[in-house]
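According to full-length UniProt numbering, the sequence shown is numbered sequentially starting from 1.
Everything labelled a hint here was simulated from the structure, so no lab data went into it.
Hints are supplied without guarantee of correctness; some may be wrong.
Under the rule of at most 25 Å between Cα atoms (straight-line distance), these lysine-lysine pairs were calculated in the BS3-like manner [what the hints assert, rightly or not]:
hint	residue 1	residue 2
1	Lys140	Lys92
2	Lys125	Lys259
3	Lys247	Lys125
4	Lys213	Lys187
5	Lys92	Lys213
6	Lys140	Lys253
7	Lys233	Lys253
8	Lys212	Lys233
9	Lys255	Lys141
10	Lys259	Lys233
11	Lys92	Lys212
12	Lys125	Lys187
13	Lys103	Lys141
14	Lys99	Lys255
The calculated label-pair distances, taken between Cβ atoms and stated as ranges, are [stated by the list, open to error]:
hint	residue 1	residue 2	range
15	Gln118	Gly90	38 to 44 Å
16	Lys140	Ser169	37 to 43 Å
17	Val153	Trp84	15 to 21 Å
18	His155	Gly119	20 to 26 Å
19	Thr261	Ile100	33 to 39 Å
20	Ala262	Lys187	33 to 39 Å
21	Ser80	Glu237	21 to 27 Å
22	Arg128	Ser101	35 to 41 Å
Every residue gets a Cβ at the ideal spot worked out from N, C-alpha and C, and that includes glycine.
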Amino acid sequence: MAFKSLLEWWQQAGVDILTQDIPQNWFSKNHPENSLFKPSDNKNIRENNFSKNNLLNFKKNEEILSAPSLIKNIPQNISSFQLWLQNIFGEKCLFSEVKISPKLMVLSESPEAEDMAQGQLFSGKAGRLLHAMLDTLCIKKQDIYFATMSPIVEHIDYVKISSYAAGNSLTSHDYTLIAAQHISLIKPRYLHLLGDAPNRALLQMNTMDARKKIHAITVNNDNIDAFALLHPKMLLETPPLKAIAWKDLRVLKGKIDEKTTADE
Numbered sequence: 001m002a003f004k005s006l007l008e009w010w011q012q013a014g015v016d017i018l019t020q021d022i023p024q025n026w027f028s029k030n031h032p033e034n035s036l037f038k039p040s041d042n043k044n045i046r047e048n049n050f051s052k053n054n055l056l057n058f059k060k061n062e063e064i065l066s067a068p069s070l071i072k073n074i075p076q077n078i079s080s081f082q083l084w085l086q087n088i089f090g091e092k093c094l095f096s097e098v099k100i101s102p103k104l105m106v107l108s109e110s111p112e113a114e115d116m117a118q119g120q121l122f123s124g125k126a127g128r129l130l131h132a133m134l135d136t137l138c139i140k141k142q143d144i145y146f147a148t149m150s151p152i153v154e155h156i157d158y159v160k161i162s163s164y165a166a167g168n169s170l171t172s173h174d175y176t177l178i179a180a181q182h183i184s185l186i187k188p189r190y191l192h193l194l195g196d197a198p199n200r201a202l203l204q205m206n207t208m209d210a211r212k213k214i215h216a217i218t219v220n221n222d223n224i225d226a227f228a229l230l231h232p233k234m235l236l237e238t239p240p241l242k243a244i245a246w247k248d249l250r251v252l253k254g255k256i257d258e259k260t261t262a263d264e
């Protein structure tokens with residue numbers, strides 16, 4: 001099943017033929033990586049300023065607590081939280097079916113325009129690729145919760161940390177606090193961070209710097225294993241990155257299998 005899923009998302013990524021004459025063992029841990037991107041040299045991005053040991057506690061972060069009053073009274077249950085978001089954004093918001101304490105929560109920046117049209121997150125071509133990728137983890141679909149930092153289509157700029165998202169008065173700090181509360185209410189065991197926005201929000205690193213390892217984070221006293229992955233849109237736009245994404249998925253699957261065995 002996992003191998004079949006791998007072939008399916010490999011084809012969806014746009015690469016279904018060999019592109020090198022040298023045989024490749026994609027399952028080898030020693031397989032070389034030829035990244036098209038270099039890690040950021042920006043020290044402010046690379047360092048995790050929440051804590052030296054990579055444990056994040058949003059309740060104790062003074063920078064987050066100093067955010068505008070608009071976000072200070074976030075509801076403490078998921079239904080009220082979604083209504084609260086609808087009041088803030090003042091337009092149609094897109095949410096997934098609520099699943100409390102799922103094995104995996106997938107967090108992206110925002111819905112795609114196609115998602116809004118279909119009324120479902122990750123429903124377009126990138127979404128289909130994502131689902132095929134997740135199938136390789138052998139996690140039941142009912143144990144996966146899909147979410148976005150913003151419930152509407154928009155771009156959240158974490159490079160200019162004080163910048164405002166287009167169309168509203170929320171800063172990137174606000175989105176970080178909203179994401180933290182969302183995670184806290186859902187209480188996932190594993191957190192899958194898709195693309196730069198959620199990685200910058202929760203790990204203060206871009207995806208390329210954060211990938212290939214498990215990050216132990218604490219969100220409102222809940223310990224969660226977070227993992228960065230290239231967004232499927234990037235894989236569709238740059239198919240050679242598929243090798244990196246597959247290697248990252250293998251690391252995550254190994255960690256999940258290891259913990260599952262330990263719990264048995």
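Going down the list of hints, with the structure as the test:
1. Between the alpha carbons of Lys140 and Lys92 the distance comes to roughly 29 Å, so the proposed pair goes past 25 Å and is violated.
2. The straight-line distance between the Cα atoms of Lys125 and Lys259 is roughly 32 Å, outside the 25 Å bound, and the hint therefore fails.
3. Of the pairs offered as hints, the one joining Lys247 and Lys125 holds, with about 21 Å between alpha carbons and a cut-off of 25 Å not exceeded.
4. Taking the CA atoms of Lys213 and Lys187, the gap is about 21 Å. The hint holds against a cut of 25 Å.
5. A distance of roughly 36 Å separates the Cα atoms of Lys92 and Lys213; the hinted pair therefore is violated under the 25 Å criterion.
6. The hinted pair formed by Lys140 and Lys253 meets the criterion: a straight-line CA distance of about 13 Å does not exceed 25 Å.
7. As the CA atoms of Lys233 and Lys253 are separated by approximately 21 Å, the hinted pair is consistent with the 25 Å bound.
8. Proximity of Lys212 to Lys233 is assessed by CA-CA distance (about 19 Å); at most 25 Å being required, the pair is judged to hold.
9. Only pairs whose Cα atoms come within 25 Å are accepted, and Lys255 paired with Lys141 is accepted, the gap being roughly 19 Å.
10. At roughly 30 Å between alpha-carbon atoms, Lys259 and Lys233 are farther apart than 25 Å, so this suggested pair is violated.
11. Annotation: proposed proximity of Lys92 to Lys212 is violated, straight-line Cα distance about 36 Å (limit 25 Å).
12. Restraint check for Lys125 and Lys187: the C-alpha separation of about 28 Å exceeds 25 Å, so the hint is violated.
13. With a C-alpha separation of about 10 Å, the suggested pair Lys103 and Lys141 falls inside the 25 Å cut-off, and the hint holds.
14. Proximity of Lys99 to Lys255 is assessed by CA-CA distance (about 22 Å); at most 25 Å being required, the pair is judged to hold.
15. In this structure, Gln118 and Gly90 break the distance hint of 38 to 44 Å, their C-beta atoms being roughly 22 Å apart.
16. Between Lys140 and Ser169 the beta carbon distance is about 40 Å. The supplied range of 37 to 43 Å therefore holds.
17. Range check, Val153 to Trp84: Cβ separation about 19 Å, and the 15 to 21 Å hint holds.
18. With their beta carbons about 21 Å apart, His155 and Gly119 fall inside the hinted range of 20 to 26 Å.
19. Take Thr261 and Ile100: their Cβ atoms lie about 25 Å apart, and the range 33 to 39 Å is violated.
20. Between Ala262 and Lys187 the Cβ separation comes to about 20 Å, which falls outside the hinted range of 33 to 39 Å.
21. The supplied range of 21 to 27 Å is broken by Ser80 and Glu237, whose beta-carbon atoms lie about 38 Å from each other.
22. Remark: the range hint 35 to 41 Å for Arg128 to Ser101 is contradicted by a beta-carbon distance near 27 Å.
Hint violations for this structure: numbers 1, 2, 5, 10, 11, 12, 15, 19, 20, 21, 22, all remaining hints satisfied.
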